[in-house]
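A.B. asks: Construct the complete structure from the given sequences, taking the supplied hints into account.
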Amino acid sequence: MAADTTSDDRGLRKGKWAPYGLLSPGILWLVLFFLLPVMILVRTALSSKATRFGNPEFSWQFSNFSSAFTDYGPQFLRSFVFAGIATISAILIGYPLAYWIATRSGRWKNLLIGLVVVPFFTSYLIRTIAWTSILKDDGVVLTIIRAIPFVPQDFRLLATPAGVIGGLTYNFLSFMILPIYVSLEKIDFRLTEAAADLYGTPWQAFKKVVLPLSMPGVFAGSLLVFIPAAGDYLNNRYLGSPKTSMIGTVVQDKFLVQFDYPVAAALSLVLMAIITTMVLIYSKFLGTEGLAV
Amino acid sequence: MTNRKTRIQPSATQATKADLSRRKFLGTSGLALGGLALGPAILAACSGGSSSSDSSSASDELWFENWTLYIDKPDGDLYGKGGTLDSFQKASGQKIKYTEGINDNNEYFAKIQPLLSKGKPIGPDIFALTFWMAGRLVDLGWVEKLPLDKIPNSSNLIEALTKPPSDPTGAYSLPWQAGMAGIAYNKSVTGRELTSIDDLFDPAFKGKIGMLTEMRDTIGLLAMSLGIDLAKPTIKKFQPAFDKLQEGVDSGQIRSFTGNDYIDDLEQGSFAACIGWSGDVVQLSASNPNIGFSIPESGGTLWFDTMEIPVGATNVAGAAEWMNYVYDPVNAAKITAEVQYISPVQGVQEELRKMGGTAAALADSQLIFPDASTLAKLQTWGNLDDVQEPLFDEEFAKITGA
Amino acid sequence: MVMSEGVAPPYLSRELEAPGKPRRGSNTSGRAGSRWGQRILTGFACLVYLYLFLPLINIIVFTFNDPIGRYNISWDGFTINNWLDPFKDKELTDAFIRSLEVAFLAITIALIMGSLIAIALARYRFTGSRGIEIFLVLPLTTPEIVLGASLYQLFLGRNIIFGFSTVVIAHVMFCVSFVALTVKARVRGFDWTLEDAAMDLGASPWRSFRKITFPLILPGIVAAALLSFALSLDDYIVTDFTKGEFTTFPIQVNNAFRVSFPPQVNVLATMVLIVSVLLLVLTSVRGEKGVTR
Numbered sequence: 001m002a003a004d005t006t007s008d009d010r011g012l013r014k015g016k017w018a019p020y021g022l023l024s025p026g027i028l029w030l031v032l033f034f035l036l037p038v039m040i041l042v043r044t045a046l047s048s049k050a051t052r053f054g055n056p057e058f059s060w061q062f063s064n065f066s067s068a069f070t071d072y073g074p075q076f077l078r079s080f081v082f083a084g085i086a087t088i089s090a091i092l093i094g095y096p097l098a099y100w101i102a103t104r105s106g107r108w109k110n111l112l113i114g115l116v117v118v119p120f121f122t123s124y125l126i127r128t129i130a131w132t133s134i135l136k137d138d139g140v141v142l143t144i145i146r147a148i149p150f151v152p153q154d155f156r157l158l159a160t161p162a163g164v165i166g167g168l169t170y171n172f173l174s175f176m177i178l179p180i181y182v183s184l185e186k187i188d189f190r191l192t193e194a195a196a197d198l199y200g201t202p203w204q205a206f207k208k209v210v211l212p213l214s215m216p217g218v219f220a221g222s223l224l225v226f227i228p229a230a231g232d233y234l235n236n237r238y239l240g241s242p243k244t245s246m247i248g249t250v251v252q253d254k255f256l257v258q259f260d261y262p263v264a265a266a267l268s269l270v271l272m273a274i275i276t277t278m279v280l281i282y283s284k285f286l287g288t289e290g291l292a293v
Numbered sequence: 001m002t003n004r005k006t007r008i009q010p011s012a013t014q015a016t017k018a019d020l021s022r023r024k025f026l027g028t029s030g031l032a033l034g035g036l037a038l039g040p041a042i043l044a045a046c047s048g049g050s051s052s053s054d055s056s057s058a059s060d061e062l063w064f065e066n067w068t069l070y071i072d073k074p075d076g077d078l079y080g081k082g083g084t085l086d087s088f089q090k091a092s093g094q095k096i097k098y099t100e101g102i103n104d105n106n107e108y109f110a111k112i113q114p115l116l117s118k119g120k121p122i123g124p125d126i127f128a129l130t131f132w133m134a135g136r137l138v139d140l141g142w143v144e145k146l147p148l149d150k151i152p153n154s155s156n157l158i159e160a161l162t163k164p165p166s167d168p169t170g171a172y173s174l175p176w177q178a179g180m181a182g183i184a185y186n187k188s189v190t191g192r193e194l195t196s197i198d199d200l201f202d203p204a205f206k207g208k209i210g211m212l213t214e215m216r217d218t219i220g221l222l223a224m225s226l227g228i229d230l231a232k233p234t235i236k237k238f239q240p241a242f243d244k245l246q247e248g249v250d251s252g253q254i255r256s257f258t259g260n261d262y263i264d265d266l267e268q269g270s271f272a273a274c275i276g277w278s279g280d281v282v283q284l285s286a287s288n289p290n291i292g293f294s295i296p297e298s299g300g301t302l303w304f305d306t307m308e309i310p311v312g313a314t315n316v317a318g319a320a321e322w323m324n325y326v327y328d329p330v331n332a333a334k335i336t337a338e339v340q341y342i343s344p345v346q347g348v349q350e351e352l353r354k355m356g357g358t359a360a361a362l363a364d365s366q367l368i369f370p371d372a373s374t375l376a377k378l379q380t381w382g383n384l385d386d387v388q389e390p391l392f393d394e395e396f397a398k399i400t401g402a
Numbered sequence: 001m002v003m004s005e006g007v008a009p010p011y012l013s014r015e016l017e018a019p020g021k022p023r024r025g026s027n028t029s030g031r032a033g034s035r036w037g038q039r040i041l042t043g044f045a046c047l048v049y050l051y052l053f054l055p056l057i058n059i060i061v062f063t064f065n066d067p068i069g070r071y072n073i074s075w076d077g078f079t080i081n082n083w084l085d086p087f088k089d090k091e092l093t094d095a096f097i098r099s100l101e102v103a104f105l106a107i108t109i110a111l112i113m114g115s116l117i118a119i120a121l122a123r124y125r126f127t128g129s130r131g132i133e134i135f136l137v138l139p140l141t142t143p144e145i146v147l148g149a150s151l152y153q154l155f156l157g158r159n160i161i162f163g164f165s166t167v168v169i170a171h172v173m174f175c176v177s178f179v180a181l182t183v184k185a186r187v188r189g190f191d192w193t194l195e196d197a198a199m200d201l202g203a204s205p206w207r208s209f210r211k212i213t214f215p216l217i218l219p220g221i222v223a224a225a226l227l228s229f230a231l232s233l234d235d236y237i238v239t240d241f242t243k244g245e246f247t248t249f250p251i252q253v254n255n256a257f258r259v260s261f262p263p264q265v266n267v268l269a270t271m272v273l274i275v276s277v278l279l280l281v282l283t284s285v286r287g288e289k290g291v292t293r
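Residue numbers (the working numbering), protein chains in the order written: chain A, 1 to 293; chain B, 1 to 402; chain C, 1 to 293.
The set of hints was computed from the structure by calculation and includes no laboratory data.
Glycine residues also receive a C-beta, built at the ideal position from the N, C-alpha and C atoms.
Some hints here could point you the wrong way.
[Claimed, not checked] Chain C side only, calculated, beta carbon under 7 Å to chain A, not exhaustive: (1) 116; (2) 143; (3) 151; (4) 153; (5) 169; (6) 176; (7) 254; (8) 274; (9) 278; (10) 280.
C.D. replies: What follows is the structure, encoded as structure tokens:
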């Protein structure tokens, strides 16, 4: 590999302004329609409203934040618990499948992973409504479950926390499977062969070799499940009950129904802050750097 | 694919020249493409001058924004031959655009608030909001006075269904349809008739009770069961009703709060009973005799959806024509035959009988033509002002989990 | 790995003995483990696929339902009428078309801007590239509800009319990051000196882009396009906040759900599904002949 005066051995260039030119439209868009709005949200969260339907005025109103915790603590907690359980479930369900696909041969792989993506192409909402049909009290599934001994006759899945968590797990499962698959696919499985020889049992080989190598995928997948799940309100709307309301439900209601923009904005930011913190802790815990997949 | 080993080693000078031109190319084309993409989008967004893309450009077209399933649709087509819209257009020569964009009072209010609060027109010439929301708009000054002199047929209206507490002079709103909230139940699940709110709290139906997201109907029924009057509501007076509702949620008695989708749950038996609306039950019980409806002994709520003209509407004359048209008993009967809610127009009962067939059967329905004793059991909510309303809404939202 | 003198590790020795001959019980695709373990894993994988497809099956089956009431949730009888008249519900069909319009416009814009970003990041080394990468990931790690709410505030404050444009702006915003990261992942590790070679051979920048770079990034762009299409068509939460009076397909379904859930919803959703699967199959077939890493 010869040395190149203007690029490294992969042909990467040291950019002057070309890269900035390429970046500018997209980054500008994100600055205008992501960064700026979030900053406005911060401003609104520190505002108060003079009249009920008037515009909020900036007044360093930190009380909006404190009321977020005092009034809506249960919803926050519930959202994180639901999202957490959904994430763990997604890992338990998705990892074996990703592993299974990654260890298939050749062209089957692409087909199989493609099948994982297919459910994506129906509307999120319609998939959720389909679950209300599948899990309805007098439907096939519930009848079978009730036939199992020890299950009470008034057992149901709709309008329960289990229903909401099930919906969350399902809707974001593909987001978990894909990153894990991608990281598993990169593994040279001759390593596991060698490891199996070294360690004696395939399980040990898996634990010591495959699992650590697939951690970036698990990390990325966890984020892609937990974050949207924590802020979701559709699953709760269709599969839940008044007792399972999540913070997303509250924010949506406060913004679009009650017009209480300051408190709603404060709630959104608190949600974002807590999620970011959890992500940072999680990444330290896993020892992986970033979402590079 | 070229084998790495055989790639050509560029000389220094050649590389530099090629470099510069390519970099320049990539850079400029990047900016150009980006600009092309960004430009129109930003321009489109900033064209906030004109109203929404759906505005009726021709001021001679009348735009009526209403709820879904609130008018007849011959063969599933709103403008089908012989339908109300079609007949109106033929009779008056006035073109009408009818949209079903209202799904929820608060949602619709959120849509129009940014515009009306800044004095900008919203597009529709008439909209039909529930009486209490109309009252809020009246208080905010966002609706125009109705040209009552151009609506002579308004004298056909049933007195009791005009001038709700939210618009005591009746200068700003006229009724579209009225309805009752009461107990809707599935006899095959409950095993009996239900007649009081206490039935809804019967432990036998635990987890099978539904209530409405419409605060006034749910809290109204509960309040009346506790002997509270709906006429001059304050949060203090109504606290016991909220407490009772909270109890129902906490104990698991109430399964969920719904909009119109309670109908499906009721039919399937996921709900044994719920608070529901008369018109829905009429339609449902036609196909399913198990579904029953009753006004609780302690009383039910009477509500109206009313027509208003928003400020800035362009076709007020057309609006008056339309209102006059639908207050003719013959035309009103056509609407009632389909919609099956309480018509505000006198004489509709006889017109329905004249129509014969299934329409005539509706003429005998207590739910569409409540007699005096039924009406006596109904109350309409008093006005909630700017101070009380947010308190009620917030309290209700806490319980329903919003 | 320790290799004692003269004794090859088991897998190598087997290879040496009988090169190329398929062996039972071990192979290089990593199927370490007992046959039993494999069977259980395969069985589990099948169950997961069933789980993933259960709602889709429900949706497709219910396109043939003839519901008695206004809700297509319980099975009442078989009919093909829904397929004969899929556009019966005018509001639904209009909303569906609007969803498609939004998706196509948003994808086009996002693909252009996102690919440019990806090329810049993958091709150039420049200061701030790490920062840009992190910035790109931020919208993905922000809950949809925060994205939607903040855009709502932005447009409200600037007196911008909610509608088609605001929805497109929002969709482009969350698609740009996905596109950039997807395309970038695909082009990482490419040998860019191929372009150098082409240029040295006399190709103009445009020609070398067209013949070398573009085909290389095309699979990434196609993947990103499919992903963005699904994201945009499906999107509920962000659209909910930026739509005003405008309705897209999922919004219309949710709104109408208070009153009805017609079979046409399922029919339209199934149509999207069929087209998407076809596209997926086509692109993966083409992809087989494409560039391997």
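A.B. asks: The structure should be examined with respect to each hint, and the outcome stated for every one.
C.D. replies: Hint check results:
1. A cut of 7 Å between beta carbons decides the hint on residue 116(C): the least distance to chain A is about 4 Å, and the hint holds.
2. Below 7 Å, beta-carbon pairs count as interface contacts, and residue 143(C) has one with chain A at about 3 Å; its hint therefore holds.
3. A hinted interface residue such as residue 151(C) counts as satisfied when its beta carbon comes closer than 7 Å to some beta carbon of chain A; here the least separation is about 5 Å, so the hint holds.
4. Checking residue 153(C) against chain A by beta carbon gives a least distance of about 5 Å; that is within 7 Å, so the hint holds.
5. Given the 7 Å rule on beta carbons, the hint for residue 169(C) holds: about 6 Å separates it from the nearest Cβ of chain A.
6. Hint status for residue 176(C) relative to chain A: holds, with the closest Cβ pair at about 5 Å, below 7 Å.
7. The interface hint given for residue 254(C) is met, as the beta carbon of that residue sits about 6 Å from the closest beta carbon of chain A, less than 7 Å.
8. The restraint placing residue 274(C) at the interface with chain A is violated, with a minimum CB-CB distance near 9 Å, outside the 7 Å limit.
9. Nearest Cβ of chain A to the Cβ of residue 278(C): about 11 Å, over the 7 Å cut. The hint is violated.
10. Hint status for residue 280(C): holds, given a least beta-carbon distance of 5 Å to chain A, under 7 Å.
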